[in-house]
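A.B. asks: The primary structure of each chain is shown beneath.
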Amino acid sequence: MLRTLSDEDLVERAVAGEHDAFAEIVRRWERKIFALCFGMLGREDEAKDAAQETFIAAYKNLSRFRGEAKVSSWLHRIAVNQCLTTKRRTKTRAEDFFDGEDGSEERTFVAAPHHSPARTAEAQERTNVVRQAVRALPADLREVVVMKEFEEMTFQEISETLEIPLSTVKSRLYTALKQLRMRLERTPVEIL
Amino acid sequence: MDRKAQIECPCSESIVSYIYNEMPTAKRTTFEDHLLECQICTDDFALVSEARFEVFDWKRVEFDPLAMPVIQVSYQDRERSLIGRIRDSWRWAAAVPAFALIVIAIGLGYTVWLTRTPAPEMSAVPVMPEEISPALRSVPPPTASLTSGPTLQDVTAPTSVKVTTKTTSVTQRRSTNPPHQAEYARSSVPRVKLSSDVAVNISPVAPKKLPRLGAYDDEDDTSLRLAELFDEAGPPQDQP
Chain Z
1 MLRTLSDEDL VERAVAGEHD AFAEIVRRWE RKIFALCFGM LGREDEAKDA
51 AQETFIAAYK NLSRFRGEAK VSSWLHRIAV NQCLTTKRRT KTRAEDFFDG
101 EDGSEERTFV AAPHHSPART AEAQERTNVV RQAVRALPAD LREVVVMKEF
151 EEMTFQEISE TLEIPLSTVK SRLYTALKQL RMRLERTPVE IL
Chain D
1001 MDRKAQIECP CSESIVSYIY NEMPTAKRTT FEDHLLECQI CTDDFALVSE
1051 ARFEVFDWKR VEFDPLAMPV IQVSYQDRER SLIGRIRDSW RWAAAVPAFA
1101 LIVIAIGLGY TVWLTRTPAP EMSAVPVMPE EISPALRSVP PPTASLTSGP
1151 TLQDVTAPTS VKVTTKTTSV TQRRSTNPPH QAEYARSSVP RVKLSSDVAV
1201 NISPVAPKKL PRLGAYDDED DTSLRLAELF DEAGPPQDQP
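Chains Z and D, in that order, are what the protein sequence lines are.
Position 172 of the first sequence, counting from 1, maps to 172 under the working numbering, and the rest follow consecutively.
Position 75 of the second sequence, counting from 1, maps to 1075 under the working numbering, and the rest follow consecutively.
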């Protein structure tokens, strides 16, 4: 029932006190908000905390949602604010212990546990969709994605390897990720 | 910020630089401030981050658990250029004289080793006339050809016999009844026996040339002949 409603309808029901409506919002957006936080923070543990804080802040501020913007933009805004708060807090803690650190902490990612067979099946379906989407990319865009994500090369290294300008590398990667996002949106993964 | 200004906002390179942590710290702060003001860039950043995370998660799930593959490259299948062929032929051409040098060096080394090996000492002591038992002096000189009988070489056995004692005794048996001439020729050949206290050592030395009784026809043969010994021994005497 709730899965057929739009995000705006769910927010209205959540404001009216229907907790399941907000739970459906969380189910729809938790992975995307986590991905945004991971892109901002680069660490899984901090991204998880930031995503958690994002939904808590959204729930507390449901009454402030005017409907002028999309729910996704509203959540993005809250998530970016939350991530910047987290970064400042982390930077302050790091400066307390390591004076002179530039804040460029190593970006690590720990494998997210899949506790149930349903989660495992969802992950398997997701990898299949992503694999097909990456395979469908044009060759010049796909090679940049592979070099960056799989070979973990820097932009400068990719530029020297492919003998193309640095700005071209970045624009190709940006275009590749945007096209990938569009392809993934056309073949959504059923979230269990 | 109006739609046109947002579309023209050059954030695409900044977004990927920020996501992949390849942006200087000062620019990162500026970009974060821009995200707080620009909703389009914030949404764009969210979309790119989501796509990047999906690729990242796909790699983590499907590729990271894989073991490192064993890379095997068949160099025989590579195309050989003309320069490569010439280089290979020169490689073989250089190997031939190297092999020849190795063979020559081995041959020279073996020759030097042979020449520097000390010659074996003359260990076999021939029976000299002074050492012959006086009993032998009574043996009459053979009248028959000794070439038909066994030679001293046969009796004294191998030329490499090393006699380490000086107690060599030589006895000679003589038949009481003179046999037929031919038979006498055989029986009159002195038999040299080594006493039991003679230690015989077989040494791997080069054979020494001993007196040969059967070399009468050889004029160049300067070896000691038993006949000469008999001549020196004088006429035979009757033994009791």
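These are calculated hints, taken from the structure and not from any lab test.
C-beta atoms are modelled at their ideal positions from N, C-alpha and C, and glycine is treated no differently.
Some clues are possibly wrong.
To be verified - Derived list of chain D stretches under chain Z, where covered just means 3 residues or more per stretch with a C-beta under 8 Å from a C-beta of chain Z:
| no. | stretch |
| --- | --- |
| 1 | 1087-1097 |
| 2 | 1102-1116 |
As the list claims (entries may be wrong) - Calculated pairs, DSS-like style, for lysine-lysine (alpha carbon to alpha carbon, straight line, at most 27 Å):
| no. | chain 1 | residue 1 | chain 2 | residue 2 |
| --- | --- | --- | --- | --- |
| 3 | D | Lys1059 | Z | Lys60 |
| 4 | D | Lys1027 | Z | Lys48 |
| 5 | Z | Lys60 | D | Lys1027 |
| 6 | Z | Lys70 | D | Lys1059 |
| 7 | Z | Lys87 | Z | Lys48 |
| 8 | Z | Lys91 | Z | Lys178 |
A.B. asks: State for each hint whether it applies.
C.D. replies: Hint check:
Using a Cβ-Cβ cut-off of 8 Å, 0 residues of the stretch 1087-1097 of chain D lie near chain Z, which falls short of the minimum of three, so the contact claim is violated. Three residues within the 8 Å Cβ limit are the bar, and the stretch 1102-1116 of chain D against chain Z gives 0, so the coverage statement is violated. Under the criterion of a C-alpha separation no larger than 27 Å, the hint pairing Lys1059/D with Lys60/Z is inconsistent with the structure, at around 36 Å. In summary, the hint linking Lys1027/D to Lys48/Z is supported, as the alpha carbons are separated by about 25 Å, within the 27 Å threshold.
Of the pairs offered as hints, the one joining Lys60/Z and Lys1027/D is violated, with about 32 Å between alpha carbons and a cut-off of 27 Å exceeded. The straight-line distance between the Cα atoms of Lys70/Z and Lys1059/D is roughly 31 Å, outside the 27 Å bound, and the hint therefore fails. Of the supplied pair hints, the one linking Lys87/Z and Lys48/Z holds, its CA atoms being roughly 13 Å apart against a limit of 27 Å. Between Lys91/Z and Lys178/Z the alpha-carbon distance is near 31 Å, which puts this suggested pair outside the 27 Å criterion.
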